[in-house]
Every structure is written in C-alpha cells, then in structure tokens.
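With the hints as extra help, turn the sequences into a complete structure.
Line order of the protein sequences matches chains A and B. Here the first sequence is numbered in the numbering used here, starting from 1 and rising by one per residue. Here the second sequence is numbered in the numbering used here, starting from 1001 and rising by one per residue.
What the hints contain is simulated information worked out from the structure, not anything from laboratory work. Don't take every hint at face value.
So the derived list for chain A, only partly shown, Cβ under 10 Å to chain B, looks like this [to be verified]:
(1) VAL15
(2) LEU16
(3) GLY18
(4) LEU146
(5) PRO149
(6) PHE151
(7) LEU251
(8) MET253
(9) LEU261
(10) ILE262
(11) VAL288
(12) ALA295
(13) ALA296
Quick caveat: nothing in here was measured; it's all calculated off a predicted structure. Beta carbons are placed, not taken as given, at the ideal position from N, Cα and C, and that holds for glycine.
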Amino acid sequence: MTQYVIRRILYLFPVLIGVSLITFVLMRMVPGDVAQVALGTNATEESLTQFREAYGLNEPLFDWKPPFGQYGQWVGGLMKGDFGKSYYYRTEVRDDLAQRLPVTLELMVLAMAVMVVLAIPAGIIAGVRPNSPLDLVMRTTAVFGLSIPGFWLGTMFIMLPAIWFNWMPPTGHISFFSDPLGNLQQLALPALALGIPGAAGIMRLTRSSVLEVLRQDYVRTAWSKGLRERTVIMRHVLKNGLIPIVTIVGLQMGALMGGALIMERIFSLPGIGMFTYQSILTRDYLGVQAIVVLAAVVYVFVNLAIDVSYAWLDPRIRYT
Amino acid sequence: MRAARPWPLTFLARLRHHPLGMLGLAGVTMFLFLAVFGRWIAPYSPTEQSSALMQSPTLTHPFGTDTLGRDIFSRVIRATPIELRVGLVSVFAGVGLAMMLGLVSGYLGGAIDGMIQRVIDAWLAFPPLILLLMITSVLTPSARSLIIALVIGTIPGTSRIVRGAVLAEKNNTYIEAARVIGASQMRIMLRHILPQIVAPIIVIVSIMIPVISLLGAALSFLGLGLPPPQPSWGADVSGEAVTYFRNAPWMAIFPGAALSLYVLSFNLLGDAMRDIFDPRLRGSGSMR
Chain A
1 MTQYVIRRIL YLFPVLIGVS LITFVLMRMV PGDVAQVALG TNATEESLTQ
51 FREAYGLNEP LFDWKPPFGQ YGQWVGGLMK GDFGKSYYYR TEVRDDLAQR
101 LPVTLELMVL AMAVMVVLAI PAGIIAGVRP NSPLDLVMRT TAVFGLSIPG
151 FWLGTMFIML PAIWFNWMPP TGHISFFSDP LGNLQQLALP ALALGIPGAA
201 GIMRLTRSSV LEVLRQDYVR TAWSKGLRER TVIMRHVLKN GLIPIVTIVG
251 LQMGALMGGA LIMERIFSLP GIGMFTYQSI LTRDYLGVQA IVVLAAVVYV
301 FVNLAIDVSY AWLDPRIRYT
Chain B
1001 MRAARPWPLT FLARLRHHPL GMLGLAGVTM FLFLAVFGRW IAPYSPTEQS
1051 SALMQSPTLT HPFGTDTLGR DIFSRVIRAT PIELRVGLVS VFAGVGLAMM
1101 LGLVSGYLGG AIDGMIQRVI DAWLAFPPLI LLLMITSVLT PSARSLIIAL
1151 VIGTIPGTSR IVRGAVLAEK NNTYIEAARV IGASQMRIML RHILPQIVAP
1201 IIVIVSIMIP VISLLGAALS FLGLGLPPPQ PSWGADVSGE AVTYFRNAPW
1251 MAIFPGAALS LYVLSFNLLG DAMRDIFDPR LRGSGSMR
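Have a look at this one:
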C-alpha cells in the first residue's frame, strides 16, 4: 500500500511537467504584448523595453544553459515557493493566491456540502423505492437540475431576490471569522447555484448505485437475518454503494473549479477563479501558470485519495 | 439468420416505450426545425437595431427587446443553428478523435499506451473550463475557435472510457482467432473491436452533447465563445443583460431559458438512449 501511494505521488512529476509546459507555451501564444497590456496603449517604446528587461521577457523561453530560459527560471522559482510577479498588478503571485484562495475554497466546500446533503439522501430514497411517485419526482427534478446552465442559475439567483425583495448579497469579501453571518449571506447563493447541477448528477448516480447493490446476495442475507430496513440501508447498501459516488465527487473537483470561476464573476467574489480569468485576459502568464499547477497538484492528490478510499470502503480491493 | 434491422429503427421502436425519451426527441426535433426554418419564423433580423430600447414583452416583441432595441425572440430563435452546429460538430469530432486514440492506446498497449496515457493524465489535470478559456484566448473569437476548444475538451475523458472498453474486449477468444488467421492489427481494430464498442460510444455521445453545449455556452457567457453581434444563448445572458437587469430582466431570462430547454431535450433523449443501448442498466427503471 505504502509503495503504491509513493508510486502514485511520483506520477505527479510527469503530470506537472506536462501541465506546466502546455500552459507555458499556450499562454505565450496569446496574441498581444504583455508589456503593452500592462503599461497601456500610451506607453513609450523606452518604457516598454525597460519593462521587458525588468521582467525578463527578452530572454529565450527555453535554453540549455543556466538559467535555462524563462521556463527554467520559473520552475526554479517554484521550487523555492516563488510563483513570480504579476506583470499586470506588479504584485507577488503568491500573495494574490494566499489572499484569494480562501474565498474559492470556502465556495467549493459549501457547494460540495450542498451536493452531498441534497443528493445522497434523495438518491437513497429514490433507489430504495424505484418507480414510486417520490422516485419519479426526484428523477424529474434531477434532469432539470442537470439541464439548467450554472451561469444562468447564478444570474437568476442574483436577479430575482433583487427584483422581488430588493435584496442583494453583499459584495467585496467578508471573512467568515470576522462576520460569519455576513460571510454566509454572501456565499449561500453562489454555493447553491454551484452545487445544484452537481447534486443532480450525484443523485442519479446514488440511485443507480443503490439499485445495483440492493440486488446483491449479501443484501438479501441482511434482510433475511431480520435486520431493520434502516440498518440494511445504512450499513450494507450505503457503504458499498458509496464507491462510485466517491469517484464522481472527486472527479467533479475540476468542473467545480470552473463553476466557481463563473459564480465568482456573477457574484463579484474576489476568488482565484476571477483571478485566473483576469490573468488570461491580461496575458498575465505567471498568474495562470500558478493556478494551473496548483490545480494539477490538487487533481493528482484527490485522485490518489479516491483510490485509497476504495480500499477502505471495500476491503476486497488491494493495491500492490 | 434474420437480417439485422439497422439500429436507428430498433432504437425508434424501443423509444416508444419511453415517454420522457419521446418528449426529448420532440424537443430536439423542434430545435432542429427552428435551426432550419428559423429565418422565416423569426419576425425580425437578430442584429437589427430599433428605437424600442429595453421594451418589456408585448405581442410585437414576445420576449421584449434589448439595450440596442433588438428583438430578443428573434435572437433566441436565430441562435439555434449556431448552437446546434457548435454542439454537434464538437461532440462528433471530439468523440471520433477520442475513439481513435482510445482504440490505438488500448489495443496496442505497451510503450505507446503508456505514452498516450501520460499525455492524457496531464490533459485531464487541467480544470476543463480554464483549459478552454486559455485556448479560446489564443484563437480569434469565432464559432470555429469555440469548436476547436470544445473538441480539445471532449477528447481526454472520452478516450479513457473508450480505452477501458477496448481493454475489456481485446482478450476475447474471437480476437485471438482473428489474429491466428492472419488479420492485420488495423483490421482487428476496425472490423472486430470497433463494432463491439459502438454501444458505449453512442452512450458517450448522448452524455456529451448536453455537457459540451453547457460548456460552450459558459465560454460564450464569459465573453470567450461566440463573438457579438452573433446571437448566442450564452453570451446574451451576460454583459448588459446583467447590468440592466432591474429595468429589463427579460434580457437575461429568455436566452437562458431557451438554452435550458435545449439541454433538457438532449438530456431526456440521451437518458432513453442510455437505457436502450446500455444493457447493464436495462430493467432498472423505464425512464431513467
């Protein structure tokens, strides 16, 4: 098991090299000059040259000799925990991330909570009584949930309360620790809009997973032992039915990050999604590179956690 | 042996027992109809400006007008062909390429498989929306650029699923038999394995059409998909529709509602297709 985990962590390196190279090359193909975007259209030729010199933009992208071009310097910086400096805001990318990460993380955690709280009980109820009226209602709701675009749902969530009750969530960022109520007022709607489409998918998966497990022999045994329905469902069905659900919750991390970007834009939240979006628009390479590398690290570890949790949920699964 | 009926006929015959699937088919047919005949149905040109700015829905403007006085009803209808084209072309091209990649990777195995899979690992490690935003910002905004981005977004996950299906298939004795009688690698892949994985591929297509349509609309919403003044269900929900929502909520409501209905139709049809083509799930509910 330990060996397996170590091998999987070593996988991180080819993934990181691939991801960072793709981002590095792709971002430099974006038409438009970084210096021009950063300094504005009125900048003189002299100040542009100076800017490129100061940020090392004149150096070759790749080089065999130290300092190995712009890519090598950036990787070298990463090793020391230095993400470089934003061309546009002239701030340290690391500080930007530290400031914005909590907003996005909280949004994502709340959205996940929405998903799990709505989807898993609904999926179990629907799966235990297939084709009952309750099942039909839940499945229909789920198809609708899957079909509504997140950005439209978010827009409606900000529009309708404003029109009906003249209420809008507070803008700017309110920290949970200084004002928990204000913080939740701000994040409840975006988290709901972000969680609902995911919840629909997870509900359907939970339902089919429960249906599948209910047919297994050990469930029949549990029934014939005379266990209560509650015990059969919670102990036998749910635990075994959880495997595909864990996978999908983990795989939705990437989609959730994209969704968070959209919600941050709609609700004007200063998270890393908005930061990425602005960095792409302003050709702020280093910001985008930092986010993508961070996301890739999270992706690799989440996938590892999923695989390890399989072994815990189902002891028959062994890794060597 | 009885001659096999072509699968679309079998499919339609089975679909009759899926009320929600039929509803989805009706919705998809309606959007196809609007895509072809929309130009004669829409009362105005989608880009024609007028002095009737931000008018609420009336008989002359059923969905109201926007900040430039354009008729929203006409814009919603005239967006249909481009949305359908972007969605369908992206999914078919993406799944087609993913199929080839998955087939080669899964069947050949070994070093080639290892290399392809490491590339896919990196590809999948990108949050999808961020990768697509990066790609569309490199290209000039157009329907073609959007399609390229969406194809790139479709390939990695799909090719993994295809590879899995190929791996499950390739150790069967009939493959061994084909190899023994001297069939070439190419022939085995295309004539023996490919027909066996058609069912999962149809299921993937039915899942991907709504997913990719939503992703494409999200890119348009963020201003990096279909460029203005092209009517687009995604882009028309953003910008001034949000700025002036207190005065003219219909600007954001109708294009989004049309997109929801479109995705819903494909989802309902896709659920029925999954039920019909994926035998493992059969019998677990008539309208899943």
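Right, here's what the structure says about each hint:
1. The restraint placing VAL15 (chain A) at the interface with chain B holds, with a minimum CB-CB distance near 5 Å, inside the 10 Å limit.
2. About 8 Å separates the beta-carbon of LEU16 (chain A) from the nearest beta-carbon of chain B, less than 10 Å, and the hint is met.
3. Given the 10 Å rule on beta carbons, the hint for GLY18 (chain A) holds: about 3 Å separates it from the nearest Cβ of chain B.
4. At a threshold of 10 Å, the smallest CB-CB gap from LEU146 (chain A) to chain B is about 6 Å, leaving the interface hint in force.
5. Interface hint status for PRO149 (chain A): upheld, as the beta-carbon distance to the closest one in chain B is roughly 5 Å, under 10 Å.
6. For PHE151 (chain A), the interface hint holds, the least distance from its beta-carbon to any beta-carbon of chain B being 5 Å, beneath 10 Å.
7. The beta carbon of LEU251 (chain A) comes within 9 Å of a beta carbon in chain B, closer than 10 Å, and the hint placing it at the interface holds.
8. About 8 Å separates the beta-carbon of MET253 (chain A) from the nearest beta-carbon of chain B, less than 10 Å, and the hint is met.
9. With a least beta-carbon distance of about 6 Å to chain B, the hint placing LEU261 (chain A) at the interface is held under the 10 Å criterion.
10. Because the smallest distance between the Cβ of ILE262 (chain A) and any Cβ of chain B comes to about 6 Å, under 10 Å, the interface hint for this residue holds.
11. The beta carbon of VAL288 (chain A) comes within 7 Å of a beta carbon in chain B, closer than 10 Å, and the hint placing it at the interface holds.
12. The beta carbon of ALA295 (chain A) is positioned within 10 Å of a beta carbon in chain B (closest approach about 5 Å), and the interface hint is therefore held.
13. The interface hint given for ALA296 (chain A) is met, as the beta carbon of that residue sits about 4 Å from the closest beta carbon of chain B, less than 10 Å.
Hint compliance for this structure: every hint is met.
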